[in-house]
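Two chains, two frames, a set of hints: combine them into the complex.
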Amino acid sequence: MEAGTPEAVRLEDLKVPGQLTGRKHVLSILVENRPGVLARIAGLFARRGFNIDTLAVGPTDDANISRITLTLDGAVHPIDQVTKQLHKLVNVLKIRDMEPEETIAREMALFKVTAAVENRGEIMQFADIFRAKIVDVSRRTMTVEVTGSADKIEAFERMIRPHGLVEMVRTGEIAIARGGE
Amino acid sequence: MRAADALMESLKAEGVQHIFGIPGGANLPTYDALVDADLDHIQVRHEQGGGHAAEGYAKASGRVGVAFATSGPGATNLVTAIADAMLDSVPTVFVTGQVRTELIGTDGFQEADILGSTLPFVKHSFQVADPRQIPEYVHEAFHVASTGRPGPVLLDIPQDLSRAEIEYQPRTDPVELPGYKPSTEGNIKQIRIAAKALANASRPVFYTGGGVINGNASEELRELAASDAFPVTSTVMGLGAFPASNENWLGMLGMHGTRTANYAMDNADLIVAIGARFDDRITGKLSEFAPRAKFIHIDIDPAEISKNVAAHIPIVGDVKHVLPKLTREYRALQTDSSRLDAWWKQLRAWQEEYPLTYEPGDGGEIKPQFMIEAMHRATEGDAIITSDVGQHQMWAAQYYGFDRPRRWINSGGLGTMGFGLPAAIGAKVACPDEQVVCLAGDGSLVMNCQELATAVHQNIPVKVFLMNNGYMGMVRQWQELFWDRRYSSVEMGPSPDWVKLAEAFGATGLRCEESADLEETMRSALDTEGPVLVDVRVTPEENCYPMIPAGAAARDMVG
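So the protein sequences, as listed, match chains R and G.
For the record, in the first sequence the residue sitting at position 10 is 10 according to this note's numbering, with numbers rising by one throughout.
For the record, in the second sequence the residue sitting at position 98 is 98 according to this note's numbering, with numbers rising by one throughout.
The following block holds chain G by itself, in its conformation from the complex (with noise of 0.2 Å):
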């Protein structure tokens, strides 16, 4: 069999339906074997909308997601994608096309070292030497994503050997890497010190993170939380693994977190760390972050554990395994949850004190808070969202209330502007039965708007609420706050027309100005068939609050 065929039938052994992509010279055999695959290619435009599709794909899925490009400047336009995979944990697999094998190191047409340049953020990376390698290390790439802390693998095949003829086996042992054994089990020892130190706690925190999501435990972390009156605040990569409708509920922690979450942290005596990473933007000022708190730090990435906060109990493994084993072993010892009361009463009092709070608009003004509590109630609160980077992503996590999983998806490491529009694509192809809504941003959306083409071609009818303030609003944030207000490059002037820009794709363009038309507007966009684009105008200078300012301190939030 030709090895590129035998590539397709590696993937399809995999369980994969659909890859997203642009053929290119290097890879015209793998696209010329696709024709006859029986897999669903997006064919995409522009590579880095590729990336991100397959990452919406996965987010929104759970399955590793897969994308295609050609060498040289195909493949290095991956890489921004394979960096935002790589940084929030994505399963998913790249293929690259490679310059002949003779042509490599001679600076051929079309010639990057896509390897070595993606070397700092891959999980895992094989260059094919030999075809007959090829079904072997499709194995284990998707192996490698797919398990213990996902990431992306790059397969990066020179063309002429796509083209040779092997033997095709297809493999589905189970792969064997003598360098790779994610622990999963969690040490069953530290489990019971952290179940007793939970006992002993008065102000405890759950801190959970992306990690609950990536291991499907919502269902173990909501047992959990129930096992007592435990408190929970999630990083902008957890929201949606704990209900925000929960009681127990504090809202986001860190940079645009709630108060009452940071100020929990900040007085906390035990925290619970799952499947997080103790990031910048959770920390702040890391010698003030905490200060009262030991840690209970469960992650499957050992590597993670005292990276950035020294942890007093630290638990490797998987947290879809780890926490029913902590439940079972919190339960036994039988507390009693009076305990919490007094710091219950004071994480209500922050509550009413200090509520996700701004001043509404004037006259038919659209404030952008106001236009994501439009949107929860035009898609009921139930749409899979995604988002760009930017002022609207903090909004939306702010106020959307996600009582979900995998409903709320966005770049949150790399903090990728563009994101949003390939991911919302990625996602629908994933999930065609639900509804998908792209928030963007203006600064955000222009970035990879080449993507409504694909929506448009290929019928994937996501929707993209786009909320218009004229800035790159968040760094115009910055520059008033921290810059005393000098405007460095952050208009975005009046181009395009959004709405002629949709209608030129092939899509639907609507417009809101008036705060009072804005959600019945938006259920005629989830009402219309195929892509639609809302432009929504914002008020242009309105600051996401609250706010820690980049190196303060929990307690010295602002706004």
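Okay, chain R solo, but in the shape it has when bound (with noise of 0.2 Å):
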């Protein structure tokens, strides 16, 4: 018997694995900088159908090389068959499926939100809880920088809401893995 097979193989024992596992993935892509990339990779999403949560695009050390950080939902989209077509794409170098466990993943968000002289206090007492910083003031509005992980800031938002909220801005998440190299 050869190393690393069964010796005989019965076809009732044979297996697929499932294709949904029902978590949200943060991939990370690693892309040569060249015109047209995103393009490429948000027109595979669309016409595969699969659904894009958030999306991020920035520059890496390398600056021949950029990261795109997406967001996905396994319940409903096949991630592995998501992380195939995207390997097709030339301009595609690496991808990562972020594990949770192992994965540090933090978004910003800005909120301009209502706030009548006798409500600041409210607000800043929140931004406080929250470690959020007060980066504008008018005479209507604050506006708050939160930056956390995606659950952190739905959060915020639950609490500020109330307020009246005028805008609120997301970056989208980003993720970096733990430790090692």
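Hints listed in this document are in silico derivations from the structure and should not be mistaken for laboratory results.
For each residue, glycine too, the CB sits at the ideal point set by N, CA and C.
Treat the hints loosely; a few may be bogus.
Restraint ranges, calculated between C-beta atoms of paired labels, are given here [said to hold, decoys possible]: (1) 16/R x 25/G: 53 to 61 Å; (2) 170/G x 94/R: 29 to 37 Å; (3) 333/G x 15/R: 20 to 28 Å.
See below:
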């Protein structure tokens, strides 16, 4: 018998892994920094019917390489198929499906909130609790910068919304693996 | 050197001899460079024809097909051919002219974003931003088009950049693309598991596709099938990879496949998919496809594995490399072939009970199936047959009986009507010593009949056998069967007179309306010099059977 293979393969024992993981996935994709790369990726998602939840694009320490971080729902999309289709794009260099336990993920959001003078104290308290920063104040509004996991940002949104949310801007998550190399 | 001349040198460095295309404003420099380039340019009459000719060239020869077009409408006319090449994995390079750099994005005259509009169906594409990139991009384009799972690559060159002066260095070094490394070898452990699964299968079927032809692995497939009594079926794209005359051949599978092939899939306990992709024309109703089977899936494109049907034993690799290893591993197991006896008894019983058959015509009536049989006799079963899309295509796939690869050239994935004639021109350019016949439908042929002018003008002696039933026959069949025979825009009417049309183009036109004359008429067409069109009047409302209705399961075949 050859190393690593079973002595006999009974057909009834053959199984296929499930296609859906049922959880959110963060894909960290290194791509060549060339015109049109984002269009190729966005187009691939659109025509294969994959729905991107968040998307963040930025440079890396190598000027020739950009990083795209995107999140999508593994309950509705076969992540394995998504990554294999992405790999077919010649400009895609590396894809990492970030393990939640092994990953630091952060997102930034800006909240512009209605803030009459009498409410400002409470908003500042919320900001304090969430370790957020007040970055702008006008006569009727305050703008708060929050950084953290998507959950934290959503929690902050729930707290602040009753005050009158004028506008919210989120960057989408970026992620990096813990420790290691 | 002028960049356009460097383009010619770069193409020659890739081994290009023939190019199909049409000049226009934005590729004037390219066509000027062609004058002195020592390349054979086949001037077509419509860019779509040029694109399909490049495909026919590639499919017949295995070499990369090349087509040129100008910007804007020239480029958008190529789009159908590019999409066709993507779906059928045809190694092709399309070079389009683009408006001058300073006009890009201004809606300039004959400007179209061809790069953007083809993104969904190119294997890769480049737009030149610096003329010094041209040799490098050409080198990369041919590498990407022809390796791994082949496909179309677009190279878009702004007019001003192809006039620029550059230093030309031939590029012959191995291409290094960090994001493109096809796996070819196949994981040996997986191959061993596959061999052992095969050894334990009592009702195995080999389901082969176009990948066997693209991978030039017909010999290797035959070896594997011969290592035991393995039954073989194939998609419409894979016909010829396994000889139709072989006793293990079950016929084509899928929507218009044989009952034996489809029932075999339905009852199989192990299906070995080889260079095939579980298209809906094969699976029918996915949830009821091959319900008793486990799957070994061998493909060079990892994304095909478990895309439509989950594979129990996936093997990513080039069939040319994987099949011999599988044969070796399987032979080493020294299995007892008699375990397949009961399976073969069943398969033979189906073959006996459900042969491909049709009612003979009355009097001199030419049945379409009879026409394919006559074509087989007239060509001695050994022509390169290109096809349009529709009933005639399916009848040819059922009745011609291809024994060799690259003899059957059709548009399987995209199903492009009008493919046949330009593809025949391309095939004839690639294989001038072979008999090349375009089996056309009257609905399809009119879509690219302008290429008769190309065949005459460039002296490319293709023979067109037109199966003329006066209808867009496959659509008519569906309207008859599934839409209460409410015919809607499927009658082709009396126009054109195909014999006169052929003559107007300077080709020879023949007509045949009597079954007794058909084979002789075909032979005389084959013996006539130059392009010939034979208008064959067949039964108008014959249906193509058997058939799995769309969305139904194999066991629900009708006809």
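Each hint tested on the structure:
Distance hint check: the CB atoms of residue 16/R and residue 25/G are about 54 Å apart, consistent with the given range 53 to 61 Å. Take residue 170/G and residue 94/R: their Cβ atoms lie about 31 Å apart, and the range 29 to 37 Å holds. At about 22 Å, the beta-carbon gap between residue 333/G and residue 15/R stays in the expected band of 20 to 28 Å.
Comparing the model with each numbered hint stated earlier shows that all of them hold.
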